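Visitor: Those letters in the sequence shown? Residues -17 to -1, 1 to 68, by mature numbering (1 follows the signal peptide of the UniProt record, and there is no 0).
Please keep in mind that the hints were generated in silico from the structure rather than gathered at the bench.
All values reported here derive from a predicted model rather than from experimental measurement.
Note that beta-carbon positions come from the ideal geometry of N, C-alpha and C, so glycine has one too.
Just to be clear, a hint being listed does not mean it is correct.
Beta-carbon label-pair distances, calculated as ranges [claimed, not checked]:
1. N56 to P9: 30 to 40 Å
2. M14 to V62: 12 to 22 Å
3. E5 to E33: 16 to 26 Å
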Amino acid sequence: MELVELLLLLELSRVYGRLLKEGWRPRRTIMFCSWGAEEHNLIGSTEWLEDNLKLLHGRAVAYINADILVAGNVSIRVVASPPPI
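Take the sequences, apply the hints, and build the full model.
Guide: Right, here's the structure in full:
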């Protein structure tokens, strides 16, 4: 994860923390995660995923990969799997 992505993740989690202090509650649990060893065959996220696969299959609603939030001078590009209907 590049420094820019890390800073954006930290800012996003700080804002969510402020909302929680003000009484807002999300309808689902929100997890903010940052993986180590991503450049080495995605080992950080792969290990966590394998350890939590049963939980994720039963309860996960969405996964947002913010690994490449800022890349050049282009418009936002959103990819979904499975693709949105």
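Visitor: None of the hints should be skipped; say for each whether it holds.
Guide: Hints versus structure:
1. N56 to P9: 30 to 40 Å: 33 Å, holds
2. M14 to V62: 12 to 22 Å: Given a distance of about 20 Å, which is inside 12 to 22 Å, the answer is holds.
3. E5 to E33: 16 to 26 Å: Violated: the Cβ-Cβ distance is about 37 Å, outside 16 to 26 Å.
Comparing the model with each numbered hint stated earlier shows that hint 3 is the single one that does not hold.
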